[in-house]
Amino acid sequence: MGVIRNKKAFLAFLLPGLLFYILAVFYPIEESIRLSFMKWGGIGKKQFVGLENYVTMFHDEVFYKAFFNNLIYLVIVVSMQLLIGLFFAILLTYMTKHVTLVKTLYYVPCIITTVAITQLFRSMYSTEPMGLLNQILQKVGLGGMVTSWLAKVSTVLPAVSIPEGWRFTGMYMVIFYAALVSLDPSVYEAAKIDGASEMQILFKIKMPLIKDIILLTLTMCLTGALRGFDIPFLLTSGGPGNASELMSTYMYKKAFSSNQYGYGSTLAVFIIIESILVVYILRKIFTSKEQKEEKRIEKERIRRNRRGNH
Amino acid sequence: MKKKIIKIIFAVLIILFLIIQIYPVIWLFVASVKPTVELSAAPFAFPKSITLENFSKVLSDGKIGMYMWNSLKVTVISLILIVVLSSTAGYALSKFKVRGTKTIYSFFTFGIMVPVQITLIPLFIFYSKLGILNTSFSLILPQVGFALPLSVMMFVSFYEFVPNELIEAAVVDGCSPLRTFIQIVFPLARNTVITIASMYSILIWNDFIFANTFISDTSAKTVAMGLKDYVGAFGNVDWGSTFAAIAISILPPLVIYFALNKWVTAGMTMGATKG
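Line by line, the protein sequences give chains A and B. For the first sequence, the positions run 126 to 435 when this note's numbering is used. For the second sequence, the positions run 27 to 301 when this note's numbering is used.
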């Protein structure tokens, strides 16, 4: 709470930012919701159709395809970013030299525009000329696996998910590393003296202590994956067929290629509801877990104290 | 002894992963100086001869310069707006004794959850009604709007460290809220400003989705979009030119990153831990 009581000055400082924010973020949300009840092809009059767009959506096969594709995309991206990120963050805490350099370099992929990354992966996946991936497969004697990864229905979804996962792994590693080194060493030094193994310290002490960071990164990562767009759109634009269609690429196509602005908005509203729901559910899960954890730690402490007294 | 072996294994793993993370980026630059013939014959081998032909080809038609200029315009104007709007709004929210600041603050932070895709259709319609598609402004509005939640948050959490006594003293001495802001509070926020500016300069420079939606004129294209164009123009065959164009366009963010590394990571990490 501040100290200046001047109301006029308050408004003068607040309003420019607030108005900009409302115009850029909230006006579009309101408009999207309104449009999601309309039928409109871009020209002529908007026609109010009630829930028709929503009914269409729940009967749309491509919508379900995109939804389940998005789930697979999400699993691949999230597990790459968080598991690999966390794994290397842990490894890095045991290093003493060149840590800053390694961190700096790990981070580089997320500085590069998605268009460049797409180009990079396109050339790696390609068969003509033989891309890096196929070359490596040939070298290690798996020549039979050589294929055009982006043109095959069975491989295209992982192929568009991996670049996105790769791009941000380093960033999550840096976040986890920062959280791990900020822990008070005296906590786990004490456990070490008590004879706890490194593994026990890691899973029983360090992981619970950085739980908040894990929740936050998970939130970021999940909402990020739910709105994934750039790389799939640029690499395959949902193809072949709808094999790599995601929610937002489908929305984009419906609105800007087929000019179904109403239906596109319905899909956009679905994406925003989905994102907010995920954040909400995660918070729920983590708080109940937290309470359980606290109880468990409390018990543990009492038991240990008793043992100590003997 | 055992400990040492484990440490070596860790180091090897870290280096292997480092290669996975960094090799593609290095390869991008290597590919850009390779002659096209060599690039199609052995794209991933080290170049036998170095050529700057790709670069001169890309630079000669002047398009990339125009794209970079457009990106620069959007980035700089957006950055100025982000810093000005969020530093003032943050000041209002943390240093004024007015009711409702908490509600407005959570209203701002709610924006972090909003996916940018939701704005595309409404803003596209709004812009075409006003006839401002294909202008820098059409990109600046959403860029600034979506940067505000996190930047306001960062300024508010910094201002918490500025003691209220300092501001009280200034007010007692007859200093107006505006002067207090310009002469006392804002100069203290130097680190926050650099953090926000460095992080968003990279994010805005790299933006694809807004540019792809609101820009279709070649003369208004930004670098990220222009790159896509390059690929098409050379029919996916002339990889050399494509990589030269990519190398040129990712250089500015990389320079900013390596120069202001500490601030960029601080910003992005804070974005994560505060979100």
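It should be emphasised that the hints constitute simulated quantities derived from the structure, not laboratory data. Beta carbons: idealized from backbone N, C-alpha and C, even for Gly. Heads up, some of the hints might be wrong.
Only pairs whose alpha carbons sit at most 27 Å apart, straight line, appear in this in silico DSSO-like list of lysine-lysine [as the list claims (entries may be wrong)]:
1) A/LYS329 x B/LYS123
2) B/LYS254 x A/LYS331
3) B/LYS123 x A/LYS378
4) A/LYS132 x B/LYS155
5) B/LYS123 x A/LYS133
6) A/LYS331 x A/LYS277
7) A/LYS331 x B/LYS30
8) A/LYS317 x A/LYS331
9) A/LYS378 x A/LYS409
10) A/LYS170 x B/LYS30
11) A/LYS329 x B/LYS28
One side of the interface only, derived from the structure: several residues of chain B facing chain A at Cβ under 7 Å [said to hold, decoys possible]:
12) PHE36
13) VAL51
14) ILE52
15) ALA118
16) THR135
17) LEU159
18) PHE163
19) LEU174
20) PHE187
21) VAL188
22) GLU194
23) GLY200
24) ILE208
25) ILE235
26) PRO278
Quick list of simulated restraints, FRET-style, between CB atoms [as the list claims (entries may be wrong)]:
27) A/PRO365 x B/ILE76: 54 to 64 Å
28) B/ILE35 x A/VAL306: 47 to 57 Å
29) A/LEU267 x B/MET92: 44 to 54 Å
30) B/LYS99 x A/TYR219: 56 to 66 Å
31) B/PRO73 x A/GLU253: 34 to 44 Å
Structure-based check of each hint:
no.: 1; hint: A/LYS329 x B/LYS123; result: violated (44 Å)
no.: 2; hint: B/LYS254 x A/LYS331; result: violated (44 Å)
no.: 3; hint: B/LYS123 x A/LYS378; result: violated (48 Å)
no.: 4; hint: A/LYS132 x B/LYS155; result: violated (36 Å)
no.: 5; hint: B/LYS123 x A/LYS133; result: holds (12 Å)
no.: 6; hint: A/LYS331 x A/LYS277; result: violated (43 Å)
no.: 7; hint: A/LYS331 x B/LYS30; result: holds (22 Å)
no.: 8; hint: A/LYS317 x A/LYS331; result: holds (12 Å)
no.: 9; hint: A/LYS378 x A/LYS409; result: violated (34 Å)
no.: 10; hint: A/LYS170 x B/LYS30; result: violated (74 Å)
no.: 11; hint: A/LYS329 x B/LYS28; result: holds (23 Å)
no.: 12; hint: PHE36; result: holds (5 Å)
no.: 13; hint: VAL51; result: holds (6 Å)
no.: 14; hint: ILE52; result: violated (10 Å)
no.: 15; hint: ALA118; result: holds (4 Å)
no.: 16; hint: THR135; result: violated (11 Å)
no.: 17; hint: LEU159; result: violated (12 Å)
no.: 18; hint: PHE163; result: violated (11 Å)
no.: 19; hint: LEU174; result: holds (5 Å)
no.: 20; hint: PHE187; result: violated (13 Å)
no.: 21; hint: VAL188; result: violated (10 Å)
no.: 22; hint: GLU194; result: holds (5 Å)
no.: 23; hint: GLY200; result: violated (13 Å)
no.: 24; hint: ILE208; result: violated (11 Å)
no.: 25; hint: ILE235; result: holds (6 Å)
no.: 26; hint: PRO278; result: violated (10 Å)
no.: 27; hint: A/PRO365 x B/ILE76: 54 to 64 Å; result: violated (38 Å)
no.: 28; hint: B/ILE35 x A/VAL306: 47 to 57 Å; result: violated (21 Å)
no.: 29; hint: A/LEU267 x B/MET92: 44 to 54 Å; result: holds (45 Å)
no.: 30; hint: B/LYS99 x A/TYR219: 56 to 66 Å; result: violated (46 Å)
no.: 31; hint: B/PRO73 x A/GLU253: 34 to 44 Å; result: violated (21 Å)
Hints 1, 2, 3, 4, 6, 9, 10, 14, 16, 17, 18, 20, 21, 23, 24, 26, 27, 28, 30, 31 from the list above are not met by this structure, while the remaining hints are.
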